[in-house]
Each structure stands twice: as C-alpha cells, then as structure tokens.
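Please model the entire structure based on the sequences and the hints provided.
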Amino acid sequence: MNRLHFNNVKLRDKLLLMYILCVLIPIVATNVIFYHVTTTNIRNQKIRDATFAIEKTNNEFQSIIDEAVGISYQFYFDPVFNELLNRDYPDAISYIEAYDSLLKGTFYLYTQTYLNVYTDNPGILTSGNIERITDDIKDSAWFQTLQTANASYPLLVFDEGGLSLLLRLDNNRSAQYLNLIKIDLNRTAIRQVIQNSAFDGNLYILSPEGMITFSNDPTIDWMSGRTTIQSIPVTAQTIQFPTPLSNANYLQGWSVYGTMDEKVAFEEVRKSRAFVVYLVCINFVLPTLIIAYISRSLHKRLVRLLKHMKKVKNQNFEPVPMGEDRDEIGQLTTEFNRMTNRIKSLIDDVYIADIEKKDLELQRRQAQLNALHSQINPHFLFNALETIRMRSVIKGEGETAKIIHNMAKIFRRSISWGRDWVSVGDELEFISCFLEIQKYRFGDKLDYKLRIDESVRELLIPKMTFLPYVENASIHGIESSPYKGFITIDIHRSSNELIFILKDNGIGMSAEKLKEIIHYLQSDEAIGENIGMKNAYSRLIMYYKDAFRFHIESEPGAGTRIEIRLPLYTAAEE
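Those letters in the sequence shown? Residues 69 to 642, by my numbering.
Hints in this document: simulated from the structure, not taken from any laboratory. Misleading hints may appear alongside valid ones.
To be verified - Restraint ranges, calculated between C-beta atoms of paired labels, are given here:
{"no.": "1", "residue 1": "88", "residue 2": "422", "range": "50 to 58 angstroms"}
{"no.": "2", "residue 1": "87", "residue 2": "617", "range": "47 to 55 angstroms"}
{"no.": "3", "residue 1": "591", "residue 2": "384", "range": "34 to 42 angstroms"}
{"no.": "4", "residue 1": "491", "residue 2": "416", "range": "46 to 54 angstroms"}
{"no.": "5", "residue 1": "591", "residue 2": "88", "range": "45 to 53 angstroms"}
{"no.": "6", "residue 1": "384", "residue 2": "500", "range": "52 to 60 angstroms"}
{"no.": "7", "residue 1": "96", "residue 2": "361", "range": "21 to 29 angstroms"}
The C-beta atom is built at its ideal place from N, Cα and C for all residues, glycine as well.
Listed below in structure tokens is the structure:
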C-alpha cells in the first residue's frame with residue numbers, strides 16, 4: 069500500500085489546498101460567525117425597539133380613551149345634569165328655562181370630543197348636544213350593542229368607521245327615562261397616534277371580536293368594519309406584536325396589534341454591508357499575496373511551457389526561452405527544447421520531402437484531368453441541339469422544336485454551375501422544362517399543375533433543390549403506373565418559411581420502402597439509388613443544417629407527398 073505523501077499531490081491540488089486552508093476556510097468561518105452574531109444582535113435590538121414603540125402607541129391610544137371615559141363619568145355622577153334629564157316639563161318654555169339656568173355652557177368645554185346625550189324624555193327638546201332617542205337610533209348597531217350589554221361601565225364600540233364610548237346614565241335611582249351618553253373619539257387624534265408611531269410596520273387596533281377598527285395598512289379596507297385580523301396575510305418572515313390594552317373593564321379584549329417584515333430588522337445589516345465587504349477584502353488580501361508570491365515562480369514557468377507545447381501541434385517548434393533554472397521545471401524545459409529540436413529535424417528531413425513529392429504527383433494528375441476535360445467542348449452539343457431545333461422550326465414541327473429547346477436549357481444549366489444559389493423563379497423554369505419534356509414523352513398519360521405564390525419567385529434557394537424530387541415523382545411514380553399520372557407542385561410562403569409541396573398519384577410506396585428511403589436520405593451511406601434525391605437532401609443539410617424541415621409520406625396505389633420547409637433567403641442577404 070502506497071504511503072500518502074505530500075510530494076505525490078499534484079501541484080494544482082497543492083495550490084488549491086493551500087488556498088482552502090489559508091484563505092477560504094478562515095475567512096468564511098470568520099465572516100459567517102461575525103454575520104450571525106451581528107444579525108442576531110441587530111434583530112433582537114430591532115424587536116426591542118419595536119416592542120417599546122408599540123407599547124408607547126398603546127399608551128397614547130389608551131390615554132385618548134381614558135380622557136373620554138373621564139368625561140362620561142363626569143356626566144354620570146353629575147346630580148344636576150341627571151335630575152334635568154329625568155324632570156317632567158309641562159311645556160317647551162319650562163325646559164328652555166331649566167336648560168339656560170342649569171346647563172348653558174356645560175357642553176362648551178367638550179366641543180372637540182364629539183359628545184352627544186340621548187334621552188327618551190318627551191319634554192326635552194333636541195338641541196345642541198342633546199337628542200331624542202328616535203326609532204332610527206334604536207335600530208342603530210351601537211344602540212343595540214348598549215342594550216344587549218346592559219353594563220354599568222362605559223362600552224367601547226366600533227361604529228360607522230370610528231370608535232365610540234357608550235354609557236347608560238342610570239346613576240339616579242328615581243330615573244324614569246332612558247338616558248345615555250355617546251362620545252365619538254377623535255379620529256384625527258387616533259390617526260396621528262398611529263402615523264406618528266416609531267413602529268416600522270403595520271399597526272392595527274383590534275376589537276374583542278378581532279375586527280380591525282383602525283390601521284395604517286393601506287392595503288386593507290378597515291373602515292367597513294368587516295375586516296378581521298385573520299384575513300391579514302402573514303408569512304414566515306412576518307414578526308407579530310400582539311399588545312393588549314389595560315385590564316380596565318371598558319377595555320377588556322381590545323388590543324394594539326403590530327406586524328413587521330423581518331427584512332426591516334436586517335436593514336441595519338444592509339446599511340453596513342460596505343463595511344463587511346471591506347473587512348472581507350482585507351482578510352483576503354494578505355493571504356492572497358502570500359500565496360501569489362509562493363506560486364508565481366511555479367505558475368508562470370508552467371504556463372509558458374504549456375503555451376509552447378500547444379504550439380507544437382501547429383508545427384511551431386519554437387524553443388522555450390529559459391534562464392539558469394535548476395529545479396524540476398527548469399529540467400523539464402530543457403528536455404522539451406531538446407525534444408522539439410529533434411522532431412523538427414525529422415519533419416524537415418522526411419515528412420516535408422514526402423509531402424512535396426506527393427504534391428507534385430497530384431499536380432501532374434490534375435493537369436491530365438484538365439486536358440481530358442478540354443477535349444470535350446460543351447458548345448458543340450449546344451450548337452448541335454440548336455441546329456436540330458431550327459430545322460424543326462423550318463419544317464413546321466413546333467412541338468418538337470419546343471422540346472429540343474427545353475432540353476437545351478436543361479443541359480446547359482445542369483453542366484454550368486457558376487452559382488450555388490438561384491431564385492425560385494429560375495428553379496421553376498428548370499422544372500417546367502423538365503415536365504414539358506416528360507409530357508411530350510408520355511402524351512396524355514401525364515399532366516401537371518403549378519400553384520406558385522408570386523411573392524416567392526425572387527427568394528433564393530440552392531440550385532436544383534426541388535427538381536430531383538419532381539424527376540423522382542415522374543420516373544418512379546408516374547411512369548410505372550398504368551393510369552394517367554398527375555403531378556401538383558405548390559410553392560408558397562408562411563411566416564418566415566418557404567414551403568414546397570409535391571404530390572403525385574403514382575404507384576406510391578409501402579411503409580417498409582418509405583422507411584428505407586428515409587433512412588437512406590438521413591444516413592451517411594454512400595450514394596446508391598435515388599442519387600438525385602440523396603444529393604439534393606445532402607446539399608440541404610450542408611446549407612441549412614437543422615434549419616430546414618423535410619417530410620415524405622406515401623401509400624401503395626395512392627401516390628406520394630413530399631413537403632420541404634426552408635428559411636427565407638433573399639438576394640439582399642446573399
């Protein structure tokens with residue numbers, strides 16, 4: 069068993085291990101601990117501050133209620149006021165005189181508290197802050213709440229978008245009428261208490277039933293009186309602060325409820341992020357400088373040696389410049405230079421000489437091939453076909469002359485390959501010539517129809533893209549069929565594609581034969597049968613890669629359908 073030794077570790081792994089042990093682990097561990105302690109302390113401090121702020125808001129809100137309670141008790145224990153409410157008045161003048169002598173100016177001190185007194189005494193007139201208890205008041209929600217509670221202490225209720233304090237004035241034992249006081253708390257004062265709160269979150273004043281009666285949350289409709297605290301969305305990052313009001317009987321069940329996003333608690337950490345980043349950078353700099361100093365002499369020379377090694381594969385045998393290095397890298401550089409000099413010598417003596425010999429032989433054979441090609445003059449064939457066509461015209465054989473003219477066109481274009489790309493119109497002219505010749509051969513046995521979108525005629529396609537499939541449909545599909553053949557060609561555009569559809573009613577193919585042809589077209593096998601289709605399909609792959617679509621379907625006796633979809637390509641893009 070081999071003994072683990074530090075010298076057996078690769079140099080790259082040594083540098084990586086040194087970096088991990090000296091830089092990465094200490095810095096990560098230090099900053100994780102620092103971040104954890106800092107965030108915990110800040111979060112706890114933020115929660116303490118939030119708790120203090122919500123308690124302060126609680127006290128301010130409670131002081132508004134206590135002030136109203138004090139006012140209600142003043143009227144509750146005022147014997148003069150209670151005696152006036154329960155006295156029988158023979159006429160309105162008697163009530164007005166009693167009001168002026170006993171109560172005039174009493175309500176002036178409480179004009180900012182929205183105080184109202186309600187009574188069912190028929191002798192009291194509705195005026196100022198005193199109102200009669202009407203049927204509408206009896207049907208109101210706050211009146212029903214007071215009647216149901218039947219409490220001797222003030223009741224805090226939520227009514228019509230505000231808070232009200234209700235108290236039955238039954239201190240007078242001889243009272244013969246129903247008297248009560250309703251104090252509407254100052255909404256502006258409550259809103260200011262909530263808005264001026266130092267609590268960084270949403271505040272809700274909750275009734276004993278959990279209904280929201282006041283809030284600074286703009287996303288809820290608390291004024292309707294139908295929004296519960298349970299309907300407020302709470303996530304795992306939400307910190308909740310339920311704070312009940314005092315234990316006084318008129319505040320039983322009421323509370324101030326606060327919610328704060330945990331992100332607010334970490335806002336101070338985000339503000340000090342720059343300081344943390346600077347500290348991390350300082351922790352990185354010193355160890356990194358030490359590692360860079362130790363590894364520089366190794367890394368720089370290894371990279372230089374590797375660079376020259378890569379040049380060797382491109383037959384560049386430039387030696388590595390070196391000083392008087394005596395370590396392992398220096399010895400490796402010396403041996404590399406000796407090896408490259410030896411390889412260069414062998415290539416110069418043997419390989420290059422052999423290449424030059426083969427190049428001369430190739431040039432000689434190419435000259436022989438060019439000489440053979442020059443023996444055949446294509447113009448002779450063109451002139452011969454043109455002579456035959458003219459003689460046919462002279463003799464009045466117009467159909468024969470037309471066919472010869474089409475043959476001359478096909479022959480000229482098939483051997484002249486000046487451009488790889490032609491317009492769709494040129495390709496269609498080529499196809500038309502071929503179909504006219506085939507129709508001349510077969511007579512009434514063959515017919516065809518071209519449906520061409522005029523907007524596609526100027527689009528460019530590789531030369532002879534469609535003709536091999538038309539030729540295959542004519543020869544293999546129609547010629548072998550005992551019935552009249554019909555070929556339909558449809559070329560149009562759809563969105564960003566040029567679509568070519570070829571249909572024939574020939575003999576068709578079986579599923580096995582169709583599968584065999586598709587495999588033959590898509591494979592890298594040598595060209596065999598269907599050479600035209602194979603060559604056209606291979607050229608589509610060469611020009612369009614995976615950007616074209618080819619589909620073929622056929623049934624025995626029902627014919628064949630070929631669809632080719634190509635990307636649009638215009639002369640301006642050539």
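Against the range 47 to 55 angstroms, how does the distance between the Cβ atoms of residue 87 and residue 617 compare: consistent or not?
Taking Cβ atoms as reference, residue 87 and residue 617 lie about 52 angstroms apart, which means the hint holds.
C-beta pair residue 491, residue 416: status relative to the range 46 to 54 angstroms that was hinted
53 angstroms, holds
Whether the CB-CB distance between residue 88 and residue 422 falls inside 50 to 58 angstroms
53 angstroms, holds
Given a hint of 21 to 29 angstroms, does the C-beta separation of residue 96 and residue 361 actually sit inside it?
23 angstroms, holds
Has the hinted range 45 to 53 angstroms been met by the Cβ atoms of residue 591 and residue 88?
Holds, since residue 591 and residue 88 (Cβ atoms, about 51 angstroms apart) stay within the stated range.
Assuming the hint says 52 to 60 angstroms, is it satisfied by the Cβ distance from residue 384 to residue 500 or not?
57 angstroms, holds
Taking the beta carbons of residue 591 and residue 384, is their distance inside 34 to 42 angstroms?
39 angstroms, holds
Hint compliance for this structure: every hint is met.
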